[in-house]
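Visitor: Here's the letter readout for the chains.
Protein chains: 2
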Amino acid sequence: MTKNGWSGVLPGLDRESIVPLYRQLYEHLREAILTGTLPESTRLPPERALSERLGVNRSTVVHAYRDLVNAGLIEQRVGSGSRVAPRVRLASDKGSGLPWWVTLPPWRVGEFPMVMGELAAKREPGRISFVQGISPDEPSPLGELAKSFSRVAKDPRFVLSYGDSEGYEPLREAIAQRARRAGAGRVDASNVVILTGSTQGIVVVAQSLAEPGDEIVVESPSYPGALQIFQMCGLRAIPIPTDEDGMRVDHVEAILRTRRPRFIYTMPSLHNPTNATMNMDRRERLVTLAKRAGVPIIEDDPYGPLLSPSLPPLVSLAPDHVVYLSTFSKTIAPSLRVGWLIAPRAVTERLLLRKQALDMATSLYVQAAICDYLDRGFDDHVVRLRAELVERRRIAQEAISKHWPAGFRVSKGEGGFYLWATTPREIRARALLDASERLGASFLFGEAFFATSGGDHHLRLALTAVRRSELPEGIRRIGQAARSLHT
Amino acid sequence: MTKNGWSGVLPGLDRESIVPLYRQLYEHLREAILTGTLPESTRLPPERALSERLGVNRSTVVHAYRDLVNAGLIEQRVGSGSRVAPRVRLASDKGSGLPWWVTLPPWRVGEFPMVMGELAAKREPGRISFVQGISPDEPSPLGELAKSFSRVAKDPRFVLSYGDSEGYEPLREAIAQRARRAGAGRVDASNVVILTGSTQGIVVVAQSLAEPGDEIVVESPSYPGALQIFQMCGLRAIPIPTDEDGMRVDHVEAILRTRRPRFIYTMPSLHNPTNATMNMDRRERLVTLAKRAGVPIIEDDPYGPLLSPSLPPLVSLAPDHVVYLSTFSKTIAPSLRVGWLIAPRAVTERLLLRKQALDMATSLYVQAAICDYLDRGFDDHVVRLRAELVERRRIAQEAISKHWPAGFRVSKGEGGFYLWATTPREIRARALLDASERLGASFLFGEAFFATSGGDHHLRLALTAVRRSELPEGIRRIGQAARSLHT
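Chains as they are written, first to last, in our numbering: chain C, 41 to 527; chain U, 41 to 527.
So that you can see chain C by itself, here it is in the shape it has in the complex (with noise of 0.2 Å):
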């Protein structure tokens, strides 16, 4: 259909990537007619050919021309079908010929999941939304907070400085000295290094101990955002299952056996999104495997300071072998954005010079208005949370046995933000999100959670996204919607 002909311009489709097949097809048309592979005025395939050419759904290319057409790259017109938009529409400077963002280095399709969708979801009106994992509205931390906050809003040594780049001192002595109560003995305030939420800890070590191209071991599912991460870094992820007590560590010392991975990344504490805690023999194991092979742990750890009753956290038991990440996202609030690492001393100093590359310091206002909450409500705050955790928790159990169909299996494990749920085979979760949608209720479908493929019959819900008295009938709108897809 060009000089070139078709062949060479149509992509291979990734079946098994979580990029929807419209957008792989978007984003491969787009490239072909900004670097003028698709000259202008090229006759685009019908709708229909295309589809049967590439084995797709007839609306994944309606999808892909639409987006085509709405960033003015082709043009429709009824009777003569699609072509790709002339020249001096796509140049944004006429002096010039093309955009300088058309010479971009190629952005991959698949290189950014869209999976950060959870911080995007919309909101709509009257919709219940298990979405985001935020903490739930009450117990709230604010009364105390707030007077903490204002505490230090006046102090110019806090808000006019940068402060240090490992962060604010008594911050990091407070944060060594709760970890030495979890048993991590030998764990002092050199060790720690304050951070704009434990994502930013996940880059550093991706960036810091591993190189583009090494392996690494993740869990299957794993928080979406590392995986993100660990993509961007160019690593690649060895996915190891999980169950009800954590990570399989017997695949984990077979994987060991012949291959030798940067790091293991493991949330070994009331799981995102399993909800599942890994036992303490399994713990132990873990830690000696590690040991052994000389393979660091990467343990993120944002819910283990909500866990009841208490397991010691891996950093506890290798101090040496572990690079402990958490935050107070969870347990004060997402919006203060400052998280930490706990490293032995040989590396410290290597993921400092990363943290500050990448943003100088954490807002030292927000530490020190931290530390003051650490001495004041945090404790309690922390025991009423917990509290509030177990009896969501409760109600949605409650709910899910009254208002679901047979065939769906729950995740256990107490307390916790999340429930992971896997449909009957019959139920696709993104069916089922999109039947959900419309009866007002959304969750996240399981596809994210995976490193390289699965999660098609899985679905989690953060339980604390929503007031408590709405989690019946959230719970009781995606059993509905289930049933509508059965008939």
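Among the hints, erroneous ones may be present.
The list treats identical chains as interchangeable, and a pair is accepted whether it falls inside one copy or across any two copies.
[Stated by the list, open to error] Subject to a maximum C-alpha distance of 25 Å in a straight line, what follows is the list of computed SDA-like cross-link-like pairs (lysine to any residue):
no.	residue 1	residue 2
1	K187	R197
2	K194	G417
3	K331	R390
4	K187	G417
5	K452	R299
6	K194	D177
7	K194	E178
8	K194	E184
9	K331	W141
10	K194	I174
11	K442	P512
12	K187	H291
Simulated from the structure, these hints should not be mistaken for laboratory data.
Once you have looked at the hints, place chain U on chain C.
Guide: Same frame as chain C, now just chain U:
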């Protein structure tokens, strides 16, 4: 001296690097020891012998050996010299061989120029430190700012939520409105992404608009934080000289004739460190050149809002060819860690996804407080701040005329945070710093501001980092130090 012989072990020291030679030597020997190239008990060459072999001062070797002793990697005994420490003391865990961090990806000497020492600079009692690029203590924004903080601190919408990754909509609106007021007619909120400080914007740009190995254009001298990020991202900097009217655009033109850098990084207003402001003629020529070549400009503008009389930012001359970065760190307070970027819509999604992967979202609480403050005290504060900067420079100039020996040259330019000085030929900036610190004054010496080499006769004084009343005395001490080096 070992079975390998020393020749393969002796490092090639880089005399142009801003990494001190002793540190290069230390890093090199450390790696040789940890990887086993220098096995346990290997005797190291005597300090004098090694210094002659390498053609460095003996103190260079003494310092490197001292740090190796401190790190537990070598042992020194009077009479028998220096030996690699026994393996058992190197291992963190008796069960395994070496600690895991020994096998980490190599930490390239020079990767981190240690320049961020600005943040780590020790505050010694009695020392007048012109080091940190922070706002002056007076005028203080704290009165009104604290009120804005407390207005939002009790609102769960701002504290108990992540908000959107692109930032708080009303703040993005306010920023777009101010950009339009500065002449950027087509900018609206959809072009604005909120950042955790403008440093994060440099990371986002370096990782999104270029690939490792790509060339970019930077000013010489330039902001060390940016140079560090570019180096970390594997970008190769082409330095362009600057003068009192900013970047030498004629040199950019010459470069663009034969090379295709990914972007041009410039700080056109109140430049860090030179305080130069690019004149209008050069602004227009730079934009024309960049358009013609299809190379985008990264306009880093932390100080632009303090420029008086103001000049149009580059982004207002060519919104489609400029990614603009700025921050509230200099106009309000560094502890806020809130900056922003303005970019053509064709690249905002790409930049946003990278920002999101770095830290999810910038603190919504702080964003909301800033948004409140913008409508209250901000504009008045900036007016007072500008006047203070002008006054501080007048005081500094006066003290310099009075106290510094002939032969120093000092940068011009009204307002701004920094005074950039060139020492007389016979005085190196490092030596001046040593002498000044003994007399109780400190500053940053110039090497950190140059991508490749240069700066050994330059110093930067942050006129904002000290009390106004201390300015003359601090400058007098540096003058006294300079005189002491003359004799």
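Visitor: Now, for every hint given, state plainly whether the structure supports it.
Guide: Now the hints, each set against the structure:
Taking CA atoms no more than 25 Å apart as the test, K187 paired with R197 passes in both settings, with 18 Å inside one copy and 17 Å between copies. Taking the shortest alpha-carbon separations for K194 and G417, both the intra-copy value of 20 Å and the inter-copy value of 15 Å come in at or below 25 Å. Within a single copy, K331 and R390 get their C-alpha atoms as close as 21 Å, which meets the 25 Å cut-off; across copies the closest is 40 Å, which misses it. Taking the closest pair of Cα atoms, K187 and G417 come within 25 Å of each other both inside a single copy (10 Å) and across two copies (22 Å).
When the C-alpha separation of K452 and R299 is checked against a cutoff of 25 Å, the pair qualifies neither within a copy, at 32 Å, nor between copies, at 60 Å. In this homomeric assembly, K194 and D177 come within 25 Å of each other (Cα to Cα) only across copies, at 12 Å, whereas the closest approach inside a single copy is 28 Å. Proximity of K194 to E178 under the C-alpha cut-off of 25 Å is restricted to the inter-copy arrangement: shortest distance 14 Å between copies versus 28 Å within a copy. Taking the closest pair of Cα atoms, K194 and E184 come within 25 Å of each other both inside a single copy (17 Å) and across two copies (10 Å).
For a Cα distance limit of 25 Å, the shortest separation of K331 from W141 across copies, 12 Å, qualifies, whereas the shortest one inside one copy, 47 Å, does not. When the C-alpha separation of K194 and I174 is checked against a cutoff of 25 Å, the pair qualifies only between copies, where the shortest distance is 17 Å, while the shortest distance within a copy is 29 Å. Within a single copy, K442 and P512 get their C-alpha atoms as close as 9 Å, which meets the 25 Å cut-off; across copies the closest is 78 Å, which misses it. Within a single copy, K187 and H291 get their C-alpha atoms no closer than 49 Å, and across copies no closer than 55 Å, so neither meets the 25 Å cut-off.
In summary, the numbered hints that this structure violates are 5 and 12.
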